[in-house]
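Novice: Sequence:
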Amino acid sequence: MLPVRLVRALFRPVDIAWLVYLRLGAGFLLALEHGGAFVWGRVRNYTEPRFHLRYVGWEWLPHPPPTVIYIIYAAIVAAGIAVAAGWRYRWAAAVLSLGYVALLLLEETEYINHFYLYALVAAVLAVLPAHRAASADVRAGRVAPAATVPAWTRAVLLFQIGLVYVFAALAKLNPDWLAARPLTVWLSAKAHYPVLGPLLTQPSTAWLMSYGGILFDALVVPLLLWRRTRVWGFAWAALFHLTNVVIFGLGTFPWAALLLTSLFFAPDFPRRLPGFVGRWFRTRVPAPATQAPAEAPAPEPADTPAQRWVLIGLGVFVLLQVLIPLRHFLYPADAHWTEEGHRFSWHLMLRTKDGTARFRVRLPNGREEVVLPEDYLTHNQLRKLTDNPDMLLQFAQLLAQDYRRRGLQPVAVYCDSQVSLNGHPPQPLVSPELNLLAQRRGWGHYAWVLPGPVR
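Each position in the sequence shown, counted from 1, maps to that position plus 771 in the working numbering.
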């Protein structure tokens, strides 16, 4: 049983303005992310490859033809716009989340941390009543308008945002990050930037940004939680994320991070924004009966089935979101080298790897053929494949299947690989004498991966 005070706090009604604000911002940004894919050509990462790399357990998924890929992208854009408008909102949010999940599952090399975050946020939005104010669903009479929502709707999102920052801080406590190695590599590639180039390539800049990143990820959530430091915490977040825009780009993520970080302000904060935005919220979003304070007093908690299901759902979500990022500790090797448990763990811009790989296919007559993966994969796939042991194994298996389709029966596939982690000297990821066809994919540790650099 949860303490009565906690249950009362979770079900206290709060101003719905923050949730409408999130619906508008998230719908627009998530639609923009994949709308831009049509313009910049990212969609071709799904339509052009001969081979498609999949997560363990999802190899059975058939790869849809290009037309279906374009339909998925269009559905994501349309669903994002529908979420922002509050039109058929719950269905739209579900389609938005499933669209992001589908693209993650259809091509393993397309994993990006913020795509995973977007899928989670859209899934959470699908169960929140963000369409109960200033929405097409209210105007059409499909749902009754509301001025408040339960406080747990906001708490679950603040928990998720805070978790991203906390795990990002913990992940940075590794020898290479503390030695400023990743940022030294990244910033050395920015020497051509006008005005900023000479500053970014100074060794002290990499050290400052490395330790500044740790401090930011570790301290921003406490600063945002305390009312007296909240404005300063958000100002620091704005400086941090906008600096990333200037130096690294990162697509829509810095803007989405600012959108989500702003939710730490009081639930009625959109009404107090200056200019048109504040006026729109004050006139279009119904206000609670009592606006001072913005959070109305909570009723005594009632032990209803609906509340029990909400608490169970929250408990399961919280448990999964805490445990999944910790799974890399179950593996005996360095996740930055082996990639085991690296993804879905909020290892945000944590390490840089550069690798090369070529494969040797041995036929029954003893002859070996050299295969270059770039003959089969796109540039983006190749960039991810060369430093990932599981992808090397998967490619070897796909290569063997391709040979069999051509009437040949390979007896072994070997890989000559060289990988540099965080600027360390390149070294083999797998033994060139290891027959990859004799290995099996799985969720366990790959003992055949060679040790990484001493750090």
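If you are wondering where the hints come from, they were derived from the structure by calculation, not from laboratory data. Just so you know, not all the hints are guaranteed correct.
[As the list claims (entries may be wrong)] Each pair of labels, with its calculated beta carbon distance range:
| no. | residue 1 | residue 2 | range |
| --- | --- | --- | --- |
| 1 | Arg1176 | Ala950 | 20 to 30 Å |
| 2 | Pro833 | Pro1197 | 16 to 26 Å |
| 3 | Tyr964 | Val827 | 36 to 46 Å |
| 4 | Trp829 | Ala960 | 42 to 52 Å |
| 5 | Trp831 | Val966 | 23 to 33 Å |
| 6 | Val1002 | Leu1143 | 53 to 63 Å |
| 7 | Leu1094 | Val898 | 45 to 55 Å |
The C-beta atom is built at its ideal place from N, Cα and C for all residues, glycine as well.
Novice: All hints, please: hold or fail.
Specialist: Checked hints:
1. Arg1176 x Ala950: 20 to 30 Å: Violated, since Arg1176 and Ala950 (Cβ atoms, about 47 Å apart) do not stay within the stated range.
2. Pro833 x Pro1197: 16 to 26 Å: Violated, at about 37 Å.
3. Tyr964 x Val827: 36 to 46 Å: holds (40 Å)
4. Trp829 x Ala960: 42 to 52 Å: violated (33 Å)
5. Trp831 x Val966: 23 to 33 Å: violated (52 Å)
6. Val1002 x Leu1143: 53 to 63 Å: holds (55 Å)
7. Leu1094 x Val898: 45 to 55 Å: violated (21 Å)
Violated hints for the displayed structure, listed by number in ascending order: 1, 2, 4, 5 and 7.
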